[in-house]
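Reassemble the complex: the two chains are provided individually, in unrelated frames, and hints are given to aid placement.
For the protein sequence lines, the chains are A and B, in the order given. Counting in UniProt numbering, the first sequence runs from 1 upward without gaps. Counting in UniProt numbering, the second sequence runs from 1 upward without gaps.
Bear in mind the hints are in silico, worked out from the structure with no lab data behind them. It should be emphasised that the depicted structure is a prediction, and the values quoted were computed from it without experimental measurement. Ideal Cβ placement from N, Cα and C applies to all residues, glycine included. Fair warning: there could be bad hints in the mix.
Cβ-Cβ distance ranges computed for the label pairs, FRET-style [said to hold, decoys possible]:
no.: 1; chain 1: B; residue 1: Ala55; chain 2: A; residue 2: Pro236; range: 38 to 44 Å
no.: 2; chain 1: B; residue 1: Phe58; chain 2: A; residue 2: Glu55; range: 24 to 30 Å
no.: 3; chain 1: A; residue 1: Glu21; chain 2: B; residue 2: Gly39; range: 47 to 53 Å
no.: 4; chain 1: B; residue 1: Asn21; chain 2: A; residue 2: Ala192; range: 23 to 29 Å
no.: 5; chain 1: B; residue 1: Phe58; chain 2: A; residue 2: Ile76; range: 27 to 33 Å
no.: 6; chain 1: A; residue 1: Glu168; chain 2: B; residue 2: Glu53; range: 21 to 27 Å
no.: 7; chain 1: A; residue 1: Leu215; chain 2: B; residue 2: Asp31; range: 50 to 56 Å
no.: 8; chain 1: B; residue 1: Ala38; chain 2: A; residue 2: Glu173; range: 27 to 33 Å
no.: 9; chain 1: B; residue 1: Glu67; chain 2: A; residue 2: Gln144; range: 28 to 34 Å
no.: 10; chain 1: B; residue 1: Asn21; chain 2: A; residue 2: Tyr11; range: 23 to 29 Å
no.: 11; chain 1: B; residue 1: Gln65; chain 2: A; residue 2: Glu168; range: 17 to 23 Å
Listing some non-contacts, in silico: residues in chain B with all C-beta distances to chain A over 10 Å [what the hints assert, rightly or not]:
no.: 12; residue: Arg9
no.: 13; residue: Gln10
no.: 14; residue: Leu82
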Amino acid sequence: MSGEDHHDLSYHDTPRIRTREGVELYYESTGEGTAITCLNNFFINAPFWREYTDELVQHHRVVTYDFCNHGASSRIAQEPTWEEHAADVIGLLDALEIESTYLIGTSASTQLARDVALEYPDRVKGLILAGPVLGTKGMRRHRQLNRSWLLTLKSHGMAALYAQMYPEVISGEMNEESGTPGFLGLRESFMAMSTPEELTNGLTLVQSGDTSSELLSRVQQPTVIVLGDDDILLSPTRGHEVAALFPNGRCEIMPNAGHVPFLDDPAGFQAIVRKFVEEAEAHV
Amino acid sequence: MSDTSVEVRQRIRELLVDLFNGDRFVGTVSDSVSLREAGVSSTALVSLLVAMEDAFGFEWDDDVQPEVLRSIDSLAGYVVALRN
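In isolation and in its complexed conformation, chain B is listed as follows (with noise of 0.2 Å):
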């Protein structure tokens, strides 16, 4: 896993313990599992979405396809996609 790929992991962490006010829940969430199985409603995936846009400088796209959405890993391995 390169550098990038842990810190946009790291950050989007970090984006979910401010939306969720503390790091009770999302200690509980590994990078793979399903956020929306873990219990992250609609709604507060898309603050998630905004807050990624602020945080990485990009807008997402409606043709982005629901499995990037999945999961701590597949967001950010749609970040480091774009960066690259």
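In isolation and in its complexed conformation, chain A is listed as follows (with noise of 0.2 Å):
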């Protein structure tokens, strides 16, 4: 069937890695070479990345899990805060055994990165953000609009939460392009993929952090913002202006592309990544 390997999201059974008490996380490690990791956005888990990473990992290690309290990772009874978010992704990395990795955040995941970049400098070679949640002045637009997907959430509930998202991340031309059927079949992977609890959970988190952009500022390794053209968040312009204050950074345009950048053209997004890769690991 032609579309059998895609959005596949069964779990392979695999030993958990432990990274603090309590938590153990699902986590997939393909290919071999420079280590590439995936942080999840809180709407995606680890098997969704497979599609997204395919060229990857034909030269790279692209590592992928799944955050602690959501999907086949431990559950324990306090959330995990931005901090221990970090803190499991170095001990995912020390578990395998890498020293240190490139980076992918997608949406509000791409915090993540930046905080583990600062916290862990000498366990990030370079970040990719897809779709960043990152501002030139903070990110009141990113809350406000998160803020309103935990209301629709809590009020009417997953496919409700859906369709009110759908319009909002995905590009108008992958809108048109996929239609009904496209619009019916990504909803069937969105609510397979997590439970109302865990959205909730996670979307109150994105509620908190950090949005100072002198943060930025701080961020040594180098970095490349991966920007739709039709994103809900930043103008292209602005995109170009937030790539400007990290100390390495630049920003990608990706024509006719939505928030998550990697659903529009998975083959252009790993070719911009590798391409990226393939720079730094030049000046190292």
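Structure (structure tokens):
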């Protein structure tokens, strides 16, 4: 079947990795070479990345995992803080004997990528920030959007949340191309990857955290912002301005892509990542 | 079960056979089992939904409830309801 390998959300029967007291994370490590670690954005899980890293794994070691309290990772009573999520990344790297890695963040997890780079600079070789929630003066727009999602989830449930998010997050081009079957098919994945409780906890955490743009100037690692020019949060102009806040940052625009640009063009996104990693490695 | 319902179920199975290039997978799936849990990916589901539009002469609506897409049973029930 043509789509048999796409959005296969099944989990592998692999041992979990213990990162701290009471926390064991589901992970997948595929390929060999320079490590690239993908950070979920609270809506997606580790298996979801397979379709969007299929070319990267031919050249690199790609690590994906489920956050604590999400997907196939362990549940603890206290929802993790951003600092604990960052510590989990390091625990994962330690267990996998990865000295340092490139991080791919998407939407809310671009904030986590930034935090890991600042807190553990020796463990991060570079940042790929897809549809970042980082702005030149903070990110009120993201907080407002996220708050509306939280309210919809609590008031009307997962399907209503999806119906609200889809036209906001998905590009106009993809929306028209995919039509209603595409809308309904992606909804199946959306609803399979998270429970309402998991999403509520994730979106609540996203409402916290430091959105100061000053933090970006402290990130020493090479950074690329990958931005769809149909992103709901940042215009291309703003994307370049945010990238300029990083000491070693640049912005790549993906035409007609939305807030999660790798959904629109998986191959194009991976080509950008590969080029960025190759260039960064050449300067090590 | 009406003849129409049986026919629609059978046609959906034929579409799945076409999509999966054979009946090895479809033969193991009962009418009531969750297609997603049986291993039908969302991309595969999209292909099935498109094929159903062509086969049954209708267009899906964004307001379709998630439960409709769950199984061969629920998909067939939706088509039969449209026809009635």
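Status of the hints after comparison with the structure:
Roughly 42 Å separates the CB atoms of Ala55(B) and Pro236(A), a value that falls within the hinted 38 to 44 Å. Between Phe58(B) and Glu55(A) the Cβ separation comes to about 37 Å, which falls outside the hinted range of 24 to 30 Å. A hinted range of 47 to 53 Å for the beta carbons of Glu21(A) and Gly39(B) is inconsistent with their spacing of about 36 Å. In this structure, Asn21(B) and Ala192(A) meet the distance hint of 23 to 29 Å, their C-beta atoms being roughly 24 Å apart.
Between Phe58(B) and Ile76(A), the C-beta spacing of about 47 Å breaks the proposed range 27 to 33 Å. Here the CB-CB span from Glu168(A) to Glu53(B) is close to 26 Å, well matched to the stated 21 to 27 Å. Against the hinted window of 50 to 56 Å, the Cβ-Cβ separation of Leu215(A) and Asp31(B) comes to about 55 Å, which satisfies the hint. For the pair Ala38(B) and Glu173(A), the beta carbons lie near 32 Å from each other, so the given range of 27 to 33 Å is met.
A hinted range of 28 to 34 Å for the beta carbons of Glu67(B) and Gln144(A) is consistent with their spacing of about 32 Å. The beta-carbon spacing between Asn21(B) and Tyr11(A), approximately 25 Å, falls within the hinted interval of 23 to 29 Å. Between Gln65(B) and Glu168(A) the beta carbons are some 21 Å apart, a value that agrees with the proposed interval 17 to 23 Å. In this structure Arg9(B) is separated from chain A by more than 10 Å, as the shortest Cβ-Cβ distance comes to about 19 Å.
Once the 10 Å rule is applied to beta carbons, Gln10(B) is consistent with being away from chain A; the minimum gap is 19 Å. A cut-off of 10 Å between C-beta atoms confirms that Leu82(B) is not in contact with chain A; the least separation is 14 Å.
Hints 2, 3, 5 from the list above are not met by this structure, while the remaining hints are.
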